[in-house]
Amino acid sequence: MKKISLGIYRQDPSADRKGKIVKYHVPVEEGMVVLDAVRHVQENTDPTLAVRWNCKAARCGSCAAEINGVPKLMCKTRIEDIGDDITVEPMRSFTLVKDLVTDISPAWAVARSLPHFHPRQRSVHPFRIEEMDVERSQEFRKCIECMLCMDVCHVKREHNTSYVGPRYIVKAASLDMHPMDSLDRSKFLDREGGIGYCNVTKCCQAICPAHIRITENAIIPEKERAADLFYDPLMMLLKRLRKVKD
Amino acid sequence: MTAAKRRIVPEELSNPSWRVLSFIFLLLAAFVALLLFPVPEFKGYIDPFYSPLILLLPIPAMLRLTCYTFRRGYNRHVFQHPQACEAANRNDDRSRDYTGETTPLMKIENLHRYFVYGSLLILPFFFYDLFVSLTYGGGFILRAGSILMIVETALVTLYLLSCNSIRSLIGGRNDCFSCMHAPRARKGVYDLQSFFNSHHDNLAWLSLIFVVAVDLYIRALMAGWPIDFTLFKIVGI
Amino acid sequence: MVSCIRVSSDVLVLGAGGGGLRAAIESQSLGAKTIVVSKSVFGKAHTVMAEGGIAASLGDVDPKDSWEVHFSDTVREGVYIGDWRSAEILSKEAPERVYELEHYGALFDRTPEGKIMQRAFGAHTYRRLCHVGDKTGLEIIQTLKDMVLHLDIEVMDEVFITKIVVSGGRAVGAIGIRMRTGEVIVFSSKAVIVATGGCGRIYKTTSNSWESTGDGIALAFNAGAELKDMEMVQFHPTGMVYPPGVKGLLVTESVRGEGGMLFNSKGERFMRRYSPKRMELDARDVVARAVYAEIMAGRGTKHGGVYLDISYKGAAFIKKKLPGMYEQFKEFAGVDITKEKMEVAPTVHYHMGGISVNPEDCRTTVEGLFAAGEVTSGLHGANRLGGNSLADILVFGRRAGVGAASYSRSREGAASDIEASAIDAEMGRIAAMFSDSDGSNPYQLVNELRDNMAGNVGIIREEKGLRAALDSINSIKERAQRVRVAGNMVYNHALFGLLELQNMLIVSECVVLGALERKESRGAHTRSDYPSKDRSWKANIVCMNDNGKIALRKDEVRPMPADLLKIVGEEVY
Chain A
23 MKKISLGIYR
33 QDPSADRKGK
43 IVKYHVPVEE
53 GMVVLDAVRH
63 VQENTDPTLA
73 VRWNCKAARC
83 GSCAAEINGV
93 PKLMCKTRIE
103 DIGDDITVEP
113 MRSFTLVKDL
123 VTDISPAWAV
133 ARSLPHFHPR
143 QRSVHPFRIE
153 EMDVERSQEF
163 RKCIECMLCM
173 DVCHVKREHN
183 TSYVGPRYIV
193 KAASLDMHPM
203 DSLDRSKFLD
213 REGGIGYCNV
223 TKCCQAICPA
233 HIRITENAII
243 PEKERAADLF
253 YDPLMMLLKR
263 LRKVKD
Chain B
1466 MTAAKRRIVP
1476 EELSNPSWRV
1486 LSFIFLLLAA
1496 FVALLLFPVP
1506 EFKGYIDPFY
1516 SPLILLLPIP
1526 AMLRLTCYTF
1536 RRGYNRHVFQ
1546 HPQACEAANR
1556 NDDRSRDYTG
1566 ETTPLMKIEN
1576 LHRYFVYGSL
1586 LILPFFFYDL
1596 FVSLTYGGGF
1606 ILRAGSILMI
1616 VETALVTLYL
1626 LSCNSIRSLI
1636 GGRNDCFSCM
1646 HAPRARKGVY
1656 DLQSFFNSHH
1666 DNLAWLSLIF
1676 VVAVDLYIRA
1686 LMAGWPIDFT
1696 LFKIVGI
Chain C
37 MVSCIRVSSD
47 VLVLGAGGGG
57 LRAAIESQSL
67 GAKTIVVSKS
77 VFGKAHTVMA
87 EGGIAASLGD
97 VDPKDSWEVH
107 FSDTVREGVY
117 IGDWRSAEIL
127 SKEAPERVYE
137 LEHYGALFDR
147 TPEGKIMQRA
157 FGAHTYRRLC
167 HVGDKTGLEI
177 IQTLKDMVLH
187 LDIEVMDEVF
197 ITKIVVSGGR
207 AVGAIGIRMR
217 TGEVIVFSSK
227 AVIVATGGCG
237 RIYKTTSNSW
247 ESTGDGIALA
257 FNAGAELKDM
267 EMVQFHPTGM
277 VYPPGVKGLL
287 VTESVRGEGG
297 MLFNSKGERF
307 MRRYSPKRME
317 LDARDVVARA
327 VYAEIMAGRG
337 TKHGGVYLDI
347 SYKGAAFIKK
357 KLPGMYEQFK
367 EFAGVDITKE
377 KMEVAPTVHY
387 HMGGISVNPE
397 DCRTTVEGLF
407 AAGEVTSGLH
417 GANRLGGNSL
427 ADILVFGRRA
437 GVGAASYSRS
447 REGAASDIEA
457 SAIDAEMGRI
467 AAMFSDSDGS
477 NPYQLVNELR
487 DNMAGNVGII
497 REEKGLRAAL
507 DSINSIKERA
517 QRVRVAGNMV
527 YNHALFGLLE
537 LQNMLIVSEC
547 VVLGALERKE
557 SRGAHTRSDY
567 PSKDRSWKAN
577 IVCMNDNGKI
587 ALRKDEVRPM
597 PADLLKIVGE
607 EVY
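Residue numbers (our numbering), protein chains in the order written: chain A, 23 to 268; chain B, 1466 to 1702; chain C, 37 to 609.
Hints were generated in silico from the structure; no laboratory data involved. Predicted model only: the values in this text are computed from it and were never measured. Hints should not be assumed to be uniformly reliable.
Which stretches of chain B does chain A cover? Using the computed rule of at least three CB atoms under 8 Å from a CB of chain A, they are [as the list claims (entries may be wrong)]: (1) 1483-1496; (2) 1524-1537; (3) 1547-1559; (4) 1572-1578; (5) 1634-1640.
EDC-like cross-link-like pairs, simulated, lysine to aspartate or glutamate; straight-line CA separation at most 20 Å [as the list claims (entries may be wrong)]: (6) B:1652 x A:111; (7) C:283 x A:65; (8) C:356 x A:157; (9) C:366 x A:52; (10) C:500 x C:460; (11) C:338 x A:51; (12) C:240 x A:152; (13) C:555 x C:565; (14) C:151 x A:157; (15) C:356 x B:1656; (16) A:42 x A:111; (17) B:1572 x B:1476; (18) C:377 x C:396; (19) C:283 x A:102; (20) C:349 x C:376; (21) B:1652 x C:149; (22) C:555 x C:499.
Yeah, the Cβ is synthetic: ideal placement off N, Cα and C, and Gly gets one too.
Next up, chain A with everything else stripped away, as it sits in the complex (with noise of 0.2 Å):
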């Protein structure tokens, strides 16, 4: 059987103050990803190796890593594509808690923020909805939390900064986009969430593994909509005059 080298990052913080690449030989068959791999080195060398995964399906987001430098989901990255000389790593923006794991739970306080969906007043019951109203907010409703855009993001991988981070401005859009949504969250994300600091490099379009286009359909309508409300002297002028009006 072919035999791939993976080297896979091993640091427990508590014990190690550096972490260190080991290299492990694996037995591959096809069509076999490298979430197998990690798993084939936990069952068989070291069973105290972490690893976070759960559906292996590319549904669930958990097994995201720096796959030879590139952040991936390692249940979607098949070893006969990136050859057999491999390299996982945890995601780097996030605090380590053991061999491939990180903590990504400071994102919740971030959601917390976010605010919530907030219906119309006028709405009926049961929402009517068009068809054509749903397509751009499901786009968003796609991710899955997986937090690749935000190890990938160089605002918040080497700026500590109050960039909220990209899977928040597509959580976001996807309210704001909500045709009964009452609210608009640019105002948020420009005052409080940061928005500024994306300077539009797209990293996070590039890898999102649910394949949203996080910087065209996302964050750059999010800076235009900020745009109108802070920036935009024409814009600023016609609200105000329409609020006097109303």
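The hints should help you fit chains B and C onto chain A, whose structure is shown.
Here is chains B and C on its own, set in the frame of chain A:
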């Protein structure tokens, strides 16, 4: 990062690397060269940089500088925030200060739409220039240079109309199409624009290349290069 | 005493899938301080894998649909051993729960009139499944998660619960390990809701997530709760067969709901022979047996499946209605389902059995202990209809929340502290699992158990195989006691694997004992040595905890009131 918030000019400009300096130098050099060696018109070809007036050049220049596509370009390759997505080639690190588009200077990116409006006013001149080149000599004439200009005009038009700010204006800012007048038509226009918008990056770069190509082509003609063959001609009516 | 973190609440919810989150939303809204605990990361629960939709008789597509028809479908396809009251509650309350979900922010696919789109599914009389493409579960979990976060419900994810603490006959809390830190956490609570989902991982080929190891069933059993219908394991007719890494991964029933057809290797649409009227859209047990029979008869594909074909519907339709399936096959198998056929075979999908609950408020047989969702039993009887599980978690999740909140209100003062002796005993049990000496690890035993269940307790069962399964379980159980793990408590998979193995063994044993006991074929339970349905088995098998041993009891199904019986009609033998 409270200290960073007080910046007016981002760190990458106040403490520029050779990449930033050469980028600024190139921009200035190009502008000076355009001023010093003008070619407003030659044999029915009007140079896009001078149409209608070289003094208006800052508008399309700012259009492109504040365009989301070119922002991505210089943020990656000039400012290196980050240069690439994969871990090995990011060339971004924690020690560098980062303010993104939050400083007063960079907040100008939010006014992209005004440069779009300005450029929309200039756009008809591209069509006028094309018309002039096709009717050079009184009849209808199709020369190699005109073909270049047809492609250039088409690309510039598509680039401008596929803009993200326009996308927001014609429907992106609305949450509910069916709540407005003529929802199907509006959604149709929005979807069509979105289709071109998804190719905005390619259009941005190609249109820039073709504008420069037309300019260089005209300069080459002036230098006497025998490249402007005629494909088709109807003598003046 | 071992140092530990103490946490106190009115209601403790174990499990952060749809059922657990819906329960938490309800109990917190009713004023009970609620904590949600989950084994996996918050939002990764197996609910995200639910694809097809949620069954509710809105009648948005087929106006003739009503709760009565939904009720009748559920009871009939559960082959009359399901609890009629559960089915009645489900079919009556499901529409309300769907609309409520919409008000929480969920966004379903729409009909041309702007109502909720509903699709056809196996053995549902009308088009009934409200859906979001084929990612309905993801939408539900994200929506409920948002609600939980905005109701300020405390969530403790990646906590492995090892014990539900019972004191004076009442469930008073739980003990667990926070996986990320290795800390021991002691939860004291006035009421505990178990919503930990199913146990598909006891089988080798399953569509279930890693975490579906039946923990909640075992925890409740150890706490003294009664289990029911444990032999009823649903095989989904269509799971992926190739490549090996994704074997068992679900191919949603929506493929058939949207018009997908099954063919054997001879190109024959074999469902014509097995179910001429309903064809591919018969109940899951019928289709799964048919697929299995075709493969056994040598009419299977190279990789041991049959073909499922939707390509004739065209690329645009498939990408809109089945985007997940399109990607799944493209990325995992390199198959373009808009052009090619899929290869599919049955896969373990759902456990109809579980903790015995009262459908009114989801209380179990242990005071203070409630349960909701797949971990429970009763609603689905011998076979579950597609879409009924998502309805189940919302309807009964809410009821469990109401039940637990009002129970906790009835107990005055704060939750009482858990006795130190109980904590010490539990910590001692876990500490004894550690040793650096031998290289044994639980995975081999887990794999052995899963192979054993797949080989001996599959779609078609018989006495001999079941006996062998029981022997194997006993042997694994005995060896499991000697397994020791190395390392510490921080994210130690070997440790959690061993704890899970113990849970899986309890569940597996109940499944096998139930299957041995039920000497007939009914719904998902098929015995080759008792191939027909038997009137005397219109009953439920209950597993009781008799000092750690499993004792069985046969309970007659409680008779249906006349008005409901009129809707369903008598069972035919």
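Evaluated hints:
1. 1483-1496: violated (count 0)
2. 1524-1537: The restraint on the region 1524-1537 of chain B holds, since 3 of its residues have a Cβ under 8 Å from chain A and three suffice.
3. 1547-1559: It holds, with 9 qualifying residues against the three required.
4. 1572-1578: holds (count 5)
5. 1634-1640: As far as the region 1634-1640 of chain B goes, the hint holds, because 3 residues have Cβ atoms under 8 Å from chain A.
6. B:1652 x A:111: violated (44 Å)
7. C:283 x A:65: holds (18 Å)
8. C:356 x A:157: holds (10 Å)
9. C:366 x A:52: holds (15 Å)
10. C:500 x C:460: violated (42 Å)
11. C:338 x A:51: Holds, at about 17 Å.
12. C:240 x A:152: Measuring from Cα to Cα gives roughly 43 Å; hence the hint is violated.
13. C:555 x C:565: holds (8 Å)
14. C:151 x A:157: Judged against 20 Å, a Cα distance of about 15 Å means the pair holds.
15. C:356 x B:1656: holds (16 Å)
16. A:42 x A:111: holds (10 Å)
17. B:1572 x B:1476: holds (14 Å)
18. C:377 x C:396: Not satisfied, since the Cα-Cα distance of roughly 45 Å exceeds 20 Å.
19. C:283 x A:102: Holds - the C-alpha atoms of residue 102 of chain A and residue 283 of chain C are around 18 Å apart, at most 20 Å.
20. C:349 x C:376: holds (12 Å)
21. B:1652 x C:149: holds (17 Å)
22. C:555 x C:499: holds (9 Å)
The structure does not agree with the numbered hints 1, 6, 10, 12, 18 stated previously, though it agrees with the rest.
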